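Residue numbers (our numbering), protein chains in the order written: chain A, 1 to 192; chain B, 1 to 204.
Derived from the structure by calculation, the hints contain no laboratory data. Nothing here was measured: the structure is a model prediction, and the numbers come from that model. For glycine and all other residues, C-beta sits at the position ideal for the given N, C-alpha and C. Among these hints, one or two may not hold up.
[Stated by the list, open to error] Stretch by stretch, here's where chain A covers chain B in the computed footprint (C-beta under 8 Å, at least three residues): (1) 31–37; (2) 76–89; (3) 150–159.
[What the hints assert, rightly or not] Negatives, chain B to chain A, calculated, CB over 12 Å: (4) Ile94; (5) Val144; (6) Glu167; (7) Gly173; (8) Leu174; (9) Pro175.
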Amino acid sequence: MTNNHHICESEKIAAYIEGDLELEPREALEEHFKQCDRCALELREQRLFMCELDSALASPFDLAVPANFAQIVAVRAESDMRGVRSSAENKRAFQFCIILGLAAFVLLGAAASRAELAGAATSISRAAGVLGLIARSIFEAVAGVASLMRILSQGLIADSPVARVAGLAFIAVAVGILSILIVRYHRTRLVD
Amino acid sequence: MSSSTSPNVLILSSANDRELVASAAGGLEGGFEELVRRYQRPISAYVYRMVGDYETALDLTQEIFIKIYGSLSRYRPEFKFSTWIYKIAHNAAIDHLRRGSGRERSLVSGTDGDQYDLPIESEGLTPEQQTEREERRVEIETVVRSLPTAYRELIVLRHSQDLTYEEIVEVTGLPLGTVKNRLFRARDLMRQQFLNRGITGIGF
């Protein structure tokens, strides 16, 4: 009981030191200090302790930061964070790339002779034929796998609601793990 | 902002924080470096007091400044810049402590790290006074390190970094009442610890 009373008074005295009390309670407390030695002592001790804390912790000090710390950090920050550049700057860089690409293409075209162009045309048409064949076989394979998956998934879904819920839970967990992994990856990149 | 001339160290060093932020966000060379130079000491000292290990404090300070650079475009000039970067530093330090221990803890159990003695200026004191002051400072530092994170962060922000209550509210995101109450509890706990350690002369 007396201990609680003491804590309560201590808190009020702390508020008094911080200038948090309204006029009326402040004056009442000042009056109380004149009569109560214990609270007057508590006031003195708290004030002294605050001063000690301020002078011990706020003393001017330096953690020995390496001399070129600011330079290293600035270079790392500026090279690390691509997202910081303004969109206008990114757009300008993209335009430069397109212009350079086009210029390279035009220069190459001008440099190539007609005969070389004819040779290039036949090899391009041959390459197109081969690419077309590859593309068609890939398409067929994907279509086959897709129809297989459809049959399998229809079987699963029709099977039972438990399997459906388990499937959904599996997907949710997978998405969760993926996002955690992405966050971790970015964090470790930052830390190094 | 008004100076669109070539980067000049003299101009940068006399620019205020807002001008520096604008120049760094606008890609002006040297702008961000000057900001780092300006805040590296208080931020590294704050982080050191939070994590209690020299190497970790430097790594974390670097990470904090990289985060600051990445968020410069989100900084709103109506807020004080120092408060804003303390907020980023505070979040990074708390994040680091949570990652490390998974619970609130004091730094006393983790003294295996690379401790660093923070030097202080001792202007115009006799050798005896210097020794006494140094001993007292070490005692206080030790007790601060023993505080739980929730108390230690507030003591450091208030008494070491000299932030106002309103700034601490901004930095920690805690309600004003909680900040005041925890600071009171923290100081009370510290005084108890001084008593338990049999140390007198610090507020007694």
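Status of the hints after comparison with the structure:
| no. | hint | in the structure |
| --- | --- | --- |
| 1 | 31–37 | holds (count 5) |
| 2 | 76–89 | violated (count 0) |
| 3 | 150–159 | holds (count 3) |
| 4 | Ile94 | holds, 15 Å |
| 5 | Val144 | violated, 7 Å |
| 6 | Glu167 | holds, 15 Å |
| 7 | Gly173 | holds, 21 Å |
| 8 | Leu174 | holds, 16 Å |
| 9 | Pro175 | holds, 15 Å |
Comparing the model with each numbered hint stated earlier shows that hints 2 and 5 do not hold.
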